[in-house]
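Peer 1: Below are the chains, spelled out letter by letter.
2 protein chains.
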Amino acid sequence: MTHDSPEFNERLSRHVAEVEAAIRRLTPAPETRPAVLHEAMRYSLEAGGKRLRPVLCIAAHALFPSVLSPLPAAVALECLHTYSLIHDDLPCMDNADLRRGKPTCHKKFGETTALLAGDALLTHALWLLADAYKAAPAVAVGLVRDLGDAAGSRKLIGGQVEDTIGTAGANTPERLDYIHHNKTAALITAAITMGVRLTSAPSAAVAKAREIGMAAGLAFQVVDDILDVTGDAATLGKPAHADAGNGKLTYPSLHGLGASRGKACELTDTAVRLCGELVNEFGGTTDGFLVALLRNMENRIN
Amino acid sequence: MTHDSPEFNERLSRHVAEVEAAIRRLTPAPETRPAVLHEAMRYSLEAGGKRLRPVLCIAAHALFPSVLSPLPAAVALECLHTYSLIHDDLPCMDNADLRRGKPTCHKKFGETTALLAGDALLTHALWLLADAYKAAPAVAVGLVRDLGDAAGSRKLIGGQVEDTIGTAGANTPERLDYIHHNKTAALITAAITMGVRLTSAPSAAVAKAREIGMAAGLAFQVVDDILDVTGDAATLGKPAHADAGNGKLTYPSLHGLGASRGKACELTDTAVRLCGELVNEFGGTTDGFLVALLRNMENRIN
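Protein chains in written order, with this note's numbering: chain A, 48 to 349; chain B, 48 to 349.
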């Protein structure tokens with residue numbers, strides 16, 4: 048299965064549809080009291096994301112036998128990701144008016160509701176893991192630790208702090224590395240790790256999944272940095288050249304576009320190689336969807 | 048043990064000291080990268096709260112035998128409460144300059160850092176429950192569900208939405224009831240419930256603990272509303288008459304001061320009676336500390 052084959056696209060669309068149905072099933076209905084809060088949560092959850100983290104979780108989960116559905120974990124990942132975008136867009140952060148071509152949550156619902164909708168999605172993400180997998184408590188605890196660790200002050204939030212507040216700081220490769228590892232790669236790592244944790248694979252396979260996630264997550268952010276330079280706003284669904292305009296530290300700003308493309312390729316190759324090792328070492332089976340997804344991430348245009 | 052005895056005060060001080068030592072042990076050190084974020088988290092955690100929710104958890108835990116320490120759960124409760132205060136004080140919420148007589152987190156560290164410090168404390172609270180109790184996964188899952196449910200969009204955050212955004216809404220007893228149940232009582236309920244969940248008491252005792260928490264939590268908020276009318280800023284550590292000034296819906300504004308005092312007494316009596324039932328029905332033992340704490344909450348001046 049190649050990343051641009053009809054087979055891949057059909058499979059990807061199917062998983063996205065599954066995730067979107069699960070989001071509607073596993074988050075509070077928009078009319079739940081207080082309605083303005085739940086409408087804002089749903090608005091941002093349904094504002095047309097790629098569902099990359101949930102689909103990575105589902106793809107990793109498919110490598111090994113499992114009696115547990117990956118969908119609640121997939122929804123938790125999307126709730127977590129959506130919260131981080133809502134808060135990132137707030138006036139005191141990136142002050143963004145558009146996200147995926149639509150008004151950001153605070154532009155649509157006001158700053159107070161956006162703040163609280165973000166808080167609620169973060170809370171829901173971690174609660175949902177415990178609630179949905181309570182019959183397999185050791186797995187549930189592992190999932191809450193995976194996601195809570197990735198989203199915490201030393202990873203996701205730490206990366207946001209250095210990315211947002213540190214604009215005037217030292218533009219060193221070391222700082223770029225910290226931002227990429229934490230702002231982006233930590234949550235993608237959690238997605239792949241959580242997918243494997245939900246299966247019968249041994250804990251050494253979960254550790255290998257973490258390595259795949261880190262390489263894939265770093266590749267994703269390098270491609271994101273490249274697209275900010277080479278993309279246009281219509282395709283990206285957000286302003287192009289925003290990082291350069293804000294003086295943000297990015298891979299191309301530090302290493303140039305050519306080296307950035309080389310790095311994205313090298314990191315994806317590493318992730319693909321590790322996927323092969325994961326399947327071979329721990330007796331998994333694959334039709335190539337996860338590898339095609341990694342190649343799709345490398346070659347995306349938005 | 049009465050609520051104003053030296054014995055009670057000594058015991059309360061000891062538990063507060065235990066909680067504060069545990070906060071320092073179970074949250075990231077302030078010099079952790081990024082330091083500004085972790086300093087802000089510690090600043091608000093150490094800004095001199097009463098530690099009421101952690102001590103309620105410890106007091107409920109002491110009613111039954113247990114091999115698990117209540118301290119990580121106590122710290123999680125304080126992290127959750129502190130996050131809710133940091134976000135509540137932000138300019139788009141109550142826009143408060145002072146909290147417990149000190150500059151609020153965003154006044155001290157700026158709005159961006161305060162937003163992210165709140166996010167980080169919320170994440171840490173739920174992660175810590177899973178991490179600290181991973182060797183007892185069924186208990187850990189129960190605790191994440193207790194705290195995540197109490198802090199979620201239908202309880203704590205829902206109450207904040209109605210309290211903050213609904214100022215112009217209908218000032219009915221029904222709406223006041225929704226706000227009190229959710230903005231305040233849900234987290235106090237979680238504190239007492241989690242304390243009992245960590246013991247060997249059966250699940251029916253956990254359900255009874257939830258009833259105690261609801262009565263105690265409602266009493267706490269009625270007293271809070273009374274103090275906003277009768278207290279002075281120096282004692283409260285925050286502006287007096289702030290609710291009246293903001294046109295907030297409170298128990299005294301709807302029912303008058305006399306009826307408010309009667310309600311606080313009645314709710315506390317209920318909580319005390321339920322504590323007796325909990326101990327008697329499920330074979331617990333008590334030296335009266337939890338009941339003295341409930342009476343202390345009723346008679347507090349700040």
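Because the hints were derived from the structure by calculation, they are not lab data.
Check before you lean on any hint, since a few could be wrong.
[Said to hold, decoys possible] For the chain A half of the interface with chain B, some residues (derived, Cβ under 7 Å), not all of them:
hint, residue
1, C139
2, A143
3, K155
4, D166
5, L173
6, A177
7, G195
8, V208
9, V276
10, A280
11, E328
12, F329
13, G330
Even for Gly, the Cβ is constructed at its ideal location relative to N, Cα and C.
Peer 1: Does each hint hold? Answer for all of them.
Peer 2: Verification of the supplied hints:
1. With a cut of 7 Å, the hint placing C139/A at the interface with chain B holds, because the nearest CB-to-CB distance is about 4 Å.
2. Among the interface hints, the one on A143/A is violated; its C-beta lies about 14 Å from the nearest C-beta in chain B, farther than the 7 Å criterion.
3. About 14 Å separates the beta-carbon of K155/A from the nearest beta-carbon of chain B, more than 7 Å, and the hint is not met.
4. For D166/A, the interface hint holds, since its Cβ comes within 7 Å of a Cβ in chain B; the closest pair sits about 6 Å apart.
5. Nearest Cβ of chain B to the Cβ of L173/A: about 4 Å, under the 7 Å cut. The hint holds.
6. For the restraint placing A177/A at the interface with chain B, the shortest Cβ-Cβ distance is roughly 4 Å, inside the 7 Å limit, so the hint holds.
7. Taking 7 Å as the C-beta contact cut-off toward chain B, the hint placing G195/A at the interface holds, the least distance being around 3 Å.
8. Restraint check, V208/A versus chain B: the minimum CB separation of about 4 Å is within 7 Å; hint holds.
9. Because the beta carbon of V276/A sits about 25 Å from the nearest beta carbon in chain B, more than 7 Å, this interface hint is broken.
10. Taking 7 Å as the C-beta cut-off, the interface hint given for A280/A is violated, the closest approach to chain B being about 25 Å.
11. With 7 Å as the threshold, the beta carbon of E328/A stays out of range of chain B, its nearest partner Cβ sitting at about 26 Å, so the hint is violated.
12. A cut of 7 Å between beta carbons decides the hint on F329/A: the least distance to chain B is about 23 Å, and the hint is violated.
13. Taking 7 Å as the C-beta cut-off, the interface hint given for G330/A is violated, the closest approach to chain B being about 26 Å.
Hint compliance for this structure: hints 2, 3, 9, 10, 11, 12, 13 are not met, and every other hint is.
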